[in-house]
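Asks: Given next are the chains, with one letter for each unit.
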Amino acid sequence: MDYIFIQILNGVQLGLLMFLLAAGLTLTFGIMDLVNLAHGSLYMMGAYLAWTFIGWTDSFVLGALLSLPATFLLGVAVEAVVMRRLYARDHLDQVLATFGLILFFNELVRAVWGPAGKSIAVPAFLGQTVEILPGIPYPAYRFAIIVAGGVVALLLAWLVARTRMGMVIRAGASNRRMIGALGVDIELLFSLVFGLGAVFAGLAGVMAAPIASVKIGMGDDILILAFVIIVIGGIGSIKGAFVAAMMVGQIDIFGRTFLPDLLKTFLSPAAASGAAPALSQMLIYIVMAGVLVWRPTGLFGQRQ
Amino acid sequence: MIAPVIAALRTPRGLVALAVLVLFAVLPLLTQAFDQRYLLSIGTRIVIWSIAAVSLNMILGYGGMVSFGHAAFFGIGGYAVGILSASGVSDGWVQWPVAILAAAAWAALIGALSLRTRGVYFIMITLAFAQLVYYVGASLEAYGGDDGLNIGRSRFSGLIDLRDKASFYWLCLVLLLATLWFCSRLAVSRFGFVLRGAKANDQRMSALGFPVFWYRLTAFVIAGAFGGLAGVLLANEGAYVSPAMMSWVKSGDLIVIVVLGGMGTLLGPVYGAIAFFTLEESLKPLMDLVHKGWGEYWQIVFGPMLVLVALYAKGGISSLLGRRHD
Amino acid sequence: MKGKLFGTATIAALAFGLQPVAAQQTIKIGFVSTFSGPQAAIGEDMRRSVDLAVEHLGGKIAGKKIEIVYEDDQFKPDVGKARSEKLVQQDKVNFISGYIWSNVLLASLKTVTDEGDTILISANAGPSQIAGELCNKNFFSTSWQNDQTPMAMGEYLNTKGVKSLYLVGPNYAAGKDMLAGVKRTYKGTVAGEDYTKWPDQLDFSAELTKIAAAKPGGIFIFYPGAHGVQFVKQWVQAGLNKTVPLYQVFSIDAITLPQQGELALGTLGAQEWVNDLPNDQNKKYVADFKKKYKVYPSYYGAQSYDSIMLIASAAEALKGDLSNKDKVRAEMKKANFKSVRGDFKFGNNNFPIENFYIQETVKDADGMVTVKTIATAVKAAVDPYAAKCSMK
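Chains as they are written, first to last, in our numbering: chain A, 1 to 304; chain B, 305 to 630; chain C, 631 to 1022.
Relax, there's no trap hidden among the hints.
Derived list of chain C stretches under chain A, where covered just means 3 residues or more per stretch with a C-beta under 8 Å from a C-beta of chain A:
#1 666-677
#2 820-827
#3 831-844
#4 856-870
#5 888-895
I should point out that these hints are in silico values taken from the structure, not numbers from a laboratory.
Using N, Cα and C, we set each Cβ at its ideal position, and we do this for glycine too.
Produce the complete structure using the sequences and hints provided.
Replies: See the structure below:
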């Protein structure tokens, strides 16, 4: 029982991390109708900037906090230089431009920080395990991810449901033309929303850094997963992104935990150990295809 | 028939098209005369990728269906050849039709499911299916798994020896021309008009009584078959297949090539492939000429170039060549 | 029209860096490795060692200038194949070395060795096919065959008396080879076996939780490069370093240690070369490398250094005349050079017959985290595929 409980917790932790990354993506997608492949680059930049700031301040918390306004500024700058010109354009022009940005950022990082990865240590006070329930130890840092991810999710829910900006965001996601009619300064709003999305991506990068490693192209691998999540959830829907991220987290952990044993019940051990990893890798794509065949605009997407 | 061709040649667009075709045609002679075999290898890759890009353009450019999984057809075509070759069937007359049919069948299956969705959801569901094929390829341990598989080239006994670089190049070029011819006929056919009409407004086309879904599915299957053909050629070019040939990065490259060249135009994808591979090959040495050691960072220039094309050359390279006449 | 075409051709020729073929006054060596993306640090370490080898040779072999042409495979087999093709057909190199990844090597093999009749020296990758049925007279290895290093680890675990072992590795060909390798020799019970996504797995929490529940006598991992960093970090964070020791191949080395740091202290690994092997060539290599780059070299670097020295020995013996390929191959096969791992000789399949050592992660006198030899796991090991190779 303990074992299953911990695995579920692992899934929650992974899901929350993915949610942070997906939230920013679904915001920009829903409001500006922008396909931003470079979202993963902002995740990477967040981690590298945090590494630099942690080096300066000698403190994980300070460095991480400093990296957030920095990624916000970076996001606003990218928006002003490139993205702003892309809103009215075809999705494919956006794909081309943001693909170009990925190449640029990857090489920029190599030129500035060098080819070797960087390591961000877990802050000392989170370096141990904590007993979340009597007799069940859990890595403190991962527990901190759950707490931080949960807080951010609540904050975002409040922002979207209760503030004026959130109202505009919701209006924009369901009907883009309506934002103009609401008398909102669209340029400013778009800048802010893009910056906010960048902050979430950067935060995800910073939080993932101590368990992963800070490396070139770290955002490219995970970007596809983030897209899968926002598509399952329905583009533009924060709630959808949350539900989908939690689903993907659990499915991924479930596949890795139980699939090999499950397959062994009806396949030979050799065949099972070959098929299980392949199948667990395919699992989320199968789920996505299934969801889209069943509901062509995702779980919480607007009907077309 | 002749008069419009001559008229077309008077435009810059026509001249460039002619120049490109002439260059393609004389490339083997040039590379032989100057002893630059490597240029022929680049040329072969450009021609093969052009076939794939033209096939993607049939659905993406004319039909508005953005498939982010086109490299899966590379893989299916390639692996069909690879698996047959590994099981001792090296006759191209068997391998090639099987490969193309396999790609078309897969296209029919995923097309039927994917075409229920629109826009970005279509992009992502095609990606999902391509990833499935990728992971299946990577788990085929009997055929090398992730390491890939070294294969023998297809045999067309007495007709052509694919091991000869120049013959292979000619074959690819002829197949590219055939693909282009087919695509140009398709674009101006009734079928093509419905497809393009549905891209602009599918409700109107449905209201006019056209079964839009079936038109789209047919186009998707045709594009898949040509994609499979490109995969067959790619496998023969390298005498090697691996899951990497169908990774999502390759699907992305194909989209970039089509958009870079100019989607919805006949020769745009070809220009895109030429530009993509020429830049990939030449930016590094050029930057090394400017300052030794800079060449390694060629993507720091290549990336912003793509951004600039997206921002300022709407319609890609093809649009830079002046007014369209197709 | 003519003028235009001619102009285009000239520009194209310039752009591709073409030059007329001059009489061979240099010895040209192509080096294919990964210089961009997340694994670029490995390529960098190899390049540094190659540069150092050239420096140690005085920039010349048999009086001819050495020219190294580096090419980036971007960690993709098709790119690696195209780069190799360029080296053979355009640069007309005399030798090609490098190749970190099995799939890049397999994709490039035919182009280089068969169609280009050029000698290829793998400085890292060692897939079983090339050791067995695909073995080739133009192929040499200065590294190992994939199965060998984990087999050595398995032998050591037997002597150490580790009763049960949990195996984890990435789900791709080399990962499966490595886990199969350790199972070939390890005689205890396998407590569990997990394959993880490659190359995009971020999180190992599910696997670590399974390991904690299985309570094995040890964990065996294979995670090259950045993934090794991730696994070691998460292993420590989960508190497993206190209960289950970590045994590894290719996961903790001079490239990953700056990031793993003290977290990796005390872990054991198997390797055919360690930076403290007591021979003069190795002492010189490691000392000069540290002086020049302020860090320890890794086995990737050592193998690359050896590949250049091997080439130099063959070319030197032929007084720089590389026109007769049979003679070159014969000289290569003699392996008459001073390897950083001491005595060096080739088996029938042109893979080395060599010792494997057990290394422990420790701190050196300056407080830098590194590895040192603690035991010899196997002596003069021949890889298990050599018999399948038809060469003598």
